[in-house]
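Work the whole structure out from these sequences, hints included.
The sequence shown begins at 1 in our numbering and counts up one residue at a time.
Where hints are given, some of them may not hold.
As the list claims (entries may be wrong) - Here are the simulated EDC-like pairs of lysine to aspartate or glutamate, each with C-alpha atoms no more than 20 Å apart in a straight line:
| id | residue 1 | residue 2 |
| --- | --- | --- |
| 1 | Lys70 | Glu39 |
| 2 | Lys10 | Asp84 |
| 3 | Lys43 | Asp68 |
| 4 | Lys15 | Glu39 |
| 5 | Lys70 | Glu101 |
| 6 | Lys111 | Asp84 |
| 7 | Lys10 | Asp104 |
| 8 | Lys10 | Asp59 |
| 9 | Lys75 | Glu101 |
| 10 | Lys36 | Glu50 |
| 11 | Lys10 | Asp64 |
| 12 | Lys94 | Asp68 |
| 13 | Lys75 | Glu23 |
| 14 | Lys10 | Asp51 |
| 15 | Lys70 | Asp104 |
Claimed, not checked - Label-pair distances were calculated between CB atoms; the ranges are:
| id | residue 1 | residue 2 | range |
| --- | --- | --- | --- |
| 16 | Gln66 | Lys111 | 26 to 32 Å |
| 17 | Asp64 | Gly20 | 17 to 23 Å |
| 18 | Ser37 | Asn113 | 40 to 46 Å |
| 19 | Asn100 | Ser5 | 35 to 41 Å |
No wet-lab data here; the hints were simulated from the structure.
Every residue gets a Cβ at the ideal spot worked out from N, C-alpha and C, and that includes glycine.
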Amino acid sequence: TPQGSRVYLKNINFKFQFLGALEIFTREALEHYFEKSGECAGKVGHQGGEDYYMEACMDGIGIDHQTDFKLLNDKYAATGNCNDPWVVGFHFYKKVSSWNECHDAAVNTAKNNNMDYVMLEK
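Structure (C-alpha cells):
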C-alpha cells in the first residue's frame, strides 16, 4: 500500500468479503471516514451489521480497497483451516477451548515450518 493511501482491506472470500472480526483501515482512510461519515448515516443500511455498514460507507465515500483472504479464519465462512500459520484472526469460536485449539494448531504449523511467530500471554 503506498504511504498516505486511503485503503481498507477486504478480508475474507465469503459473502460481501468484509467481516467485522478483522477490520483493517489505513489512518488516511479513517480520517476521511470521520470527515465524511455523515454522508453514510442516512444512505447505508445495517442489513449485515457494522461490517456491512463500514464496507458500504467506505466504498460510498471513495475509499479504495485491497484484498487479503489469508488473514482471517472464520468458522462459518468455511475457511476453517486451523493449520494455516498466516492467519492472524480466528473467528467465530463460541468456546475458548475451541479457539485455543485452532490457534495452537496454527502456531504448531508455524513451528514445524521454521516460521517466526509471536506468542502472546494466554
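Hints versus structure:
About 32 Å separates the Cα atoms of Lys70 and Glu39, which puts this hinted pair outside 20 Å; it is violated. A threshold of 20 Å between alpha carbons decides the hint, and for Lys10 with Asp84 the separation of about 19 Å falls inside it, so the pair holds. Only pairs whose Cα atoms come within 20 Å are accepted, and Lys43 paired with Asp68 is rejected, the gap being roughly 27 Å. With a CA separation close to 24 Å, the supplied pair Lys15 and Glu39 exceeds the 20 Å bound.
Among the hinted pairs, Lys70 with Glu101 is consistent with the structure: their alpha-carbon atoms are about 19 Å apart, no more than 20 Å. A hinted pair counts as satisfied when its Cα atoms are at most 20 Å apart, and Lys111 with Asp84 qualifies at roughly 11 Å. Distance restraint check for Lys10 and Asp104: the Cα-Cα separation of roughly 25 Å exceeds the 20 Å cut-off, and the hinted pair is therefore not satisfied. About 11 Å separates the Cα atoms of Lys10 and Asp59, which keeps this hinted pair within 20 Å; it holds.
Taking the CA atoms of Lys75 and Glu101, the gap is about 13 Å. The hint holds against a cut of 20 Å. A hinted pair counts as satisfied when its Cα atoms are at most 20 Å apart, and Lys36 with Glu50 qualifies at roughly 17 Å. Among the hinted pairs, Lys10 with Asp64 is consistent with the structure: their alpha-carbon atoms are about 10 Å apart, no more than 20 Å. Our distance criterion of 20 Å between C-alpha atoms is broken by Lys94 and Asp68, whose separation comes to about 25 Å.
Using a Cα cut-off of 20 Å, the hinted pair Lys75 and Glu23 holds, with the two alpha carbons roughly 17 Å apart. Only pairs whose Cα atoms come within 20 Å are accepted, and Lys10 paired with Asp51 is accepted, the gap being roughly 11 Å. With a CA separation close to 17 Å, the supplied pair Lys70 and Asp104 stays within the 20 Å bound. A hinted range of 26 to 32 Å holds for the C-beta pair Gln66 and Lys111, which are about 29 Å apart.
Evaluation of the 17 to 23 Å hint for Asp64 and Gly20 yields a pass: the beta carbon distance comes to about 20 Å. Here the CB-CB span from Ser37 to Asn113 is close to 42 Å, well matched to the stated 40 to 46 Å. Judged by the Cβ atoms, the range 35 to 41 Å given for Asn100 and Ser5 holds: they are separated by roughly 36 Å.
Hint violations for this structure: numbers 1, 3, 4, 7 and 12, all remaining hints satisfied.
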